[in-house]
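Student: If you want the building blocks of each chain, they are given just below.
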Amino acid sequence: MNVRPLEFRTARSTAEATALWAEVPDAYYLAGGTDLLIQMRLGRRSPARLIDLKRIPGLSAIEVRGDGALSIGACVPLGVIAAHPEVRARYPLLAECCLAVGSYPVRNRATMAGNVCNASPAADTAAALLALEAAVEASGPNGDVVLPLAGFFQGPGKTVLPAGALVTALVLPAKAAGCRGSFHRLSRRRGVDLATLGVLVGRHAAGGAGAHRVVLTAVAPTPLRVPAAEALLDRQGAAAAAQAAEAARAACKPIDDVRGTAQYRREMVGVLVARAAAALG
Amino acid sequence: MSDKPTRWVGTEVPRVDGLEKVTGAARYTGDLKFPRMLHAVVVRSPHAHARVRDVRLEQAARVPGVRAVACGKDFPFHVGIYLKDQTVFATDRVRYVGDPVAAVAAETPEAAREAAARVEVDYEPLPVILDVADGMAPGATLVHPDLGSYECVPWITPKGGSNVCNHLKVRKGDYEAALRRCAHVVERSFSVPQVQHVPIEGHISVARMDGAGKLEVYTSAQSPFTVRHLLSACFKLPHGDVRVVVPHVGGGFGGKAGINLEPIAAALAMKARGRWVRVLVDRSEEFYAVVVRQGLEATLVTGVDKQGKVLAQKLLYLWNCGGYGGYGVNVVRAAGYTCGGAYEFPNLWGDSIGVYTNRPVGSAYRGFGMQEIHWALEQQMTMVAQEIGMDPVEFRLRNCLGPGKSTVTGQVLDEHSGRIDLCIRKVAEELGWGDGRKEPNRGRGIACAVKAPAMPNDAASSVLLKFCEDGMLEVLISGIDIGQGLKTVAAQFAAEALDLPFDKVRVRGLPDTDLSPYDWQTVASRQTWATGNAVLRAAENCKQQLLGMASRAFDAPASRLRLANGTVLDPETGRSLPFERLVMGYQFDDGHTIGGPVAAAASFIPEGLIFLDPETSQSPKPVAKWTFGAQGVEVRVDPETGQFTVERIVGCYDVGKVVHPSLIRGQTYGGMIQGLGTGVMEELLLDPQTGRPRNASLTDYKIPTTEDIPEKLEAHFVETPQADGPLGARGVGEHTMIPTPAAISDALFDACGIRVTRMPITAEKVRAALQAKKKEQPTP
Ligand SMILES: Cc1cc2nc3c(=O)[nH]c(=O)nc-3n(C[C@H](O)[C@H](O)[C@H](O)COP(=O)(O)OP(=O)(O)OC[C@H]3O[C@@H](n4cnc5c(N)ncnc54)[C@H](O)[C@@H]3O)c2cc1C
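Quick mapping for you: the protein sequence lines, in order, are chains A and B. Heads up: the first sequence is residues 1 to 281, going by this note's numbering. Heads up: the second sequence is residues 1 to 780, going by this note's numbering.
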């Protein structure tokens, strides 16, 4: 093993952060560190430099924008997001997914940007963010980018975020407000466990075409939206719960791992989608 | 034993080590900082089985800051508590992933890591055996080709030329003939995976050998004297030149019994004379590198008559001992002489066989094999009852042990042996057993437990009592308070026997083998009983010294005097003397002085134990005592997902005497939760080809959190006094986790008609069993 010194830098602006990143190879942004530090300890990542983002003014704010969209700064901890009145009133599914992560102390530290950038197929907040059609705003070496969450995840640990880009905020569009439903998650124990699988089923109040959302986690290389299941629910509502469940089962691509077998995951996708769809009433 | 009302024993005194633990004053081995302490890294085998052709340390030794390097060539010494089958570092082969091959010590952890990475090892991979069936197969690769030549205690029977490191045969009555008379016969197999202890504080040892050749070791261990004894034997040092000190311990659960990292720390310390060397394992290594609990494959055949009496019982326990059986061989033995659990089996054929594999090393773990065999036996009993249409509680009561009944070794129990029947009845009553209540997807189950201390016949404890000038009593014990509350219990017995105010007792329980009295080990649920007895004896001796002096001071017969709340009182004259006037000697008015500092040592060793017959394991008294108990469980199942919730666990144990109500409840609840963890979520998973651990982290090896604790935990106790117990008490620390998984499994059967026979009972297995059942009986 190569033992090399680790440099810790605190950035005071996004520009400083991206510049610090570009200076040396193997620089990593650090938010809550609840993924990164563990990966370092396991030897999966060995940064030469950690760039702490938590002192950058502006990254810790939750704001309603002029167009009604809700912007959540990259350094806001999950516990704060889940408790925020705008989030609870307009995006209750996001609050529910944030609360599914880890434990109270973990949520006081972990960020949603970190959850998304870490790109685990089991990332809980990804379920709501995909359902709510959120966008990732980032500031990179080649300027600022806005990336829709749809298509953001490319595989375990892989995203389309350009190298060195710094996520500044996750933005929930105004039109996604009022989407209601539920997030169901199976895990090996009740307290603090990664999902064996997760299922979110939601519906926009307006109803009609495009009203439903079906998102699965931990059953494919990335969190997965299932348009076929959504379309069935759009047409027939809860009456199509069983067909939607079948569509979700067909869409998922689970694997066997220490948390569960592919077969169990697939079956449970069916069970949970049917339940969540039925619960929409 | 007497029925005299007690003042301290049986009451809720505050935990004597509570304040230092909650304030952070308590220091653990990892808190100790020694001047110029070196940091060690152990090089561990990445192979489950391989020949070690060469170990080259030159490159490692050249790393700046490295002060010692060591490997098998340097210390080709065997170590092991019962079977000396392990060396400090692998010499010719490695036998599990994590087997220590070499170690380095350096000025900084970074330099040590760097050096460890430069240790060069030539491995020649060998076939990997992970399952007992493969280990037992004819012509199987031998994990220990030299097994026949290893040193071991006489009551362990390794079979050279095979992978069997111990085999206990239990033969009672005529099994074959009895089987032919049976109306029903049930045969089932069960299995238990290897699991880990997961103590909050991992293994850690710090050692130094000084210029004069004295070896000192500070270590997180359950057994300082056994560590000293085994270190002395390993490195051929006189016991008097080895000093072992055990600071506060953050949980052991058996994983810190016997000897663990200490020889590695000692070996490095010998190479870096005069320097302290610290060795520890990280959380990931803790899962596989030191010790785990053995796996079990069990096959049971039970024959019953029409009245529900078991006539014939056969048991085969195959233990997956992993790469070394130093300690695990005694689990095999204990499971043998307890093979019939809490039942009387007139005709029994039992085999408990330890098998070497290339898994992590099986060792002591709370329950010492008993949870594993009860997983099999208790489910089997329910299945047999169901087979003959009898209520499982009724069936248990009909077949259970009790006064006048004979155990599998032919020991006839007496009225002091404890009452399993009362425990079963209490739990059944609390669960409302037989009330006809049946709600969909809810179920109830009951399982029994029994365990004896599994230890050498001469396992002893001793204590030292001495007084301070102000009349305060100091109690020196060498049992370890690993959370069970031993120090508090020792203080209770001392205060009771000397009628002292409770705050006038200090227990010195961080043993130092240079200064503390001998104690074998803190294992086997033996400390309250063994140390408790020794404390009572030493207190009696101190009492006689105090009465003797007071008798001369008062010029009154000693027989008339008594102790009263820190004084000696002459009830006839009303005269009294506080202890502080006596404990350093009594001085008369004219200045002449008698007596002297009051102090006493005392010991306890179980008496009357007889070795097992080598062919049949029959013995009238193979163990010191038995503790019986039962647990009942209520579950609720979600049949679509297989997820289930254990809503309630009720336990009842015959503990002889409740010494401290909330400590014993804590032990009981803790055991239930640990039982729940092993029962429903714990399993050390290895890659089936390479034998490498797949879940060696808390991310993927789960133990229960507070959110997983059942809503209702209840503890009840029966107090049938133990003849040789201190005020009648017997041990219960381990027993509390023994029946839980079997009771959960029975409750699941009651809830939805499925049975999981391979621990842990995961939601996925429940769901699979439900699916299989559906296929068997398609709904019309
Ligand atoms: C005990 C425990 C339990 C957990 N349970 C769950 C769970 O139930 N569900 C779940 O989904 N996750 C869980 N996690 C994982 C983790 O907590 C989450 O993924 C968390 O949201 C990560 O956020 P963070 O701020 O800690 O990220 P960090 O660890 O700081 O960063 C994660 C990655 O994202 C990068 N990064 C962070 N911020 C930015 C940014 N602004 N721009 C660009 N890159 C960035 C980092 O460089 C790093 O590669 C758990 C972790 C722990 C330790």
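Bear in mind the hints are in silico, worked out from the structure with no lab data behind them. On a predicted model such as this, the values are computed, not experimentally measured, just so you know. The C-beta atom is built at its ideal place from N, Cα and C for all residues, glycine as well. There could be a bad hint or two in this list.
What the hints assert, rightly or not - Computed footprint of chain A on chain B, listed as stretches where at least three residues anywhere in the stretch have a Cβ under 8 Å from a Cβ of chain A:
| # | stretch |
| --- | --- |
| 1 | 415-423 |
| 2 | 688-699 |
| 3 | 705-716 |
| 4 | 761-773 |
Student: Verify this for me: three or more residues of the stretch 688-699 of chain B with a beta carbon less than 8 Å from a beta carbon of chain A.
Tutor: Coverage by chain A holds here, the residue count being 4 at a Cβ distance below 8 Å.
Student: Three residues minimum, CB to CB under 8 Å: does the stretch 415-423 of chain B make the cut for coverage by chain A? Let me know.
Tutor: violated (count 0)
Student: Examine the stretch 705-716 of chain B for residues whose CB is less than 8 Å from any CB of chain A, and state whether their number is three or more.
Tutor: Holds, because 4 residues of the stretch 705-716 of chain B bring their Cβ atoms closer than 8 Å to Cβ atoms of chain A.
Student: For the stretch 761-773 of chain B, count the residues whose Cβ lies under 8 Å from any Cβ of chain A; is that count three or more?
Tutor: Held - the stretch 761-773 of chain B has 5 residues with a Cβ nearer than 8 Å to chain A, which meets the minimum of three.
The structure fails to meet hint 1 from the earlier list, while all remaining hints are met.
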